[in-house]
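FYI, in the UniProt record's numbering the residues of the sequence shown are 1 to 371.
Don't read these hints as lab results, they were simulated from the structure.
A couple of the hints might just be wrong.
Unchecked claim - Estimated spans, in silico, between C-beta atoms of each pair:
| no. | residue 1 | residue 2 | range |
| --- | --- | --- | --- |
| 1 | Lys35 | Glu351 | 57 to 65 Å |
| 2 | Ala366 | Asp96 | 34 to 42 Å |
| 3 | Gly145 | Ala282 | 22 to 30 Å |
| 4 | Asp256 | Lys221 | 22 to 30 Å |
| 5 | Asn136 | Arg337 | 38 to 46 Å |
Built from N, CA and C at the ideal position, the CB exists for glycine as well.
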Amino acid sequence: MSAFRARITAFFTAFVFLTAALPAYAERLPDFLAKIQPSEIFPGADRYGKPEGKPMVARVYKGDEQLGLVYITTDAVNTRGYSSKPIDTLMALANDGTIAGAKLVDHHEPIMLIGIPQSRVDKFIDKYIGLNFIKNPPTPSVAPGDIISGATVTLMVVNDSIQRSYKVIANQYRLGSDKALQTASASDVREAAPASETRPRRMANPDKQDILSWDELLKQKAVGHLHITLDQINKLFEKGGKAGVADHAEQGDPDDTFIDLYVALVSQPSIGKSLLGKDGWAHLQKRLKPGQQAVLVAGEGRYSWKGSGYVRGGIFDRIEMIQGENSFRFTDAQHERVVELSAADAPRFKEVSWFTIPEGVAFDGAEPWRL
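Based on the sequences and whatever the hints tell you, model everything.
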């Protein structure tokens, strides 16, 4: 697979389908701070303040001068790597939002335990130091440094967790303003909260059992759709600004399909019965535990959303589910291949599968999520 294709997953995170589950705060910061001197993560600092708040942070000082704060990415966002376990990065942010330090402090990634030297990972993470996402917002899911071959999933998770946790912390502690490090008041939080967090909670309707055609499902937006041509994908990578991208551009008719991707929440009865048919729906129900949900992914085109990583390592490394500040990937244990869709007039796809949402993951299918 070309380097060009290896980076395509960064752009699929823009595929918004359905809004936000609250992050789970692990609050492991005190354990890590006990092992790391302030100056190791924040140059010039000589002491930490008391860890506090949600997400938990510790203010950083040089004498009596407050320089900024430190936090653990997994205290702010729920991100899991190739091992399906958290990857903890300690971040140091200055009052103006500049990243003063970044350090991987804990992980369980097999490739990094036995194959990738820690020095290469440190070099990748060092690329974030000096960046300010308030003044120069990053392109979502695009890392400042090149992804290390063999550790693609792990480092994409590290990048995503840094970008998304930065946003959470910068907003919560008002970095970049004259009120930096003052925790927003409850009224300020309500005022700034998106509509999805202040409106009445959505609920999936389990009583809706209509059998719908493919066109009806699309019209009702019960099936999400993303279509990308060769011309569009080449322009996306050019816009990303990575050196050498033009050398790996996809060749062919600019209007040819790079990927035609569809996704649906098949644990909802009407959607599931329409797409899977009577027998397929019954089989899914046998797999689902009480309250568990499932999504279907189907695709055509030059690019395979499945890839081959799951065959070797059991992880579908080309797709990622994101809801609010939480994210996760699927494993082969949650996967079921579908031969063809049952909805009337549904096209045939080269790749169709459904996945059960992993146990222990907070996910609400009635709220917006993205793949």
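A quick look at each hint next to the structure:
1. Lys35 / Glu351: 57 to 65 Å: violated, 45 Å
2. Ala366 / Asp96: 34 to 42 Å: This hint holds: roughly 39 Å between Cβ atoms.
3. Gly145 / Ala282: 22 to 30 Å: Since the Cβ atoms of Gly145 and Ala282 sit about 48 Å apart, the hinted range of 22 to 30 Å is violated.
4. Asp256 / Lys221: 22 to 30 Å: holds, 26 Å
5. Asn136 / Arg337: 38 to 46 Å: Between Asn136 and Arg337, where Cβ atoms are some 43 Å apart, the hint holds.
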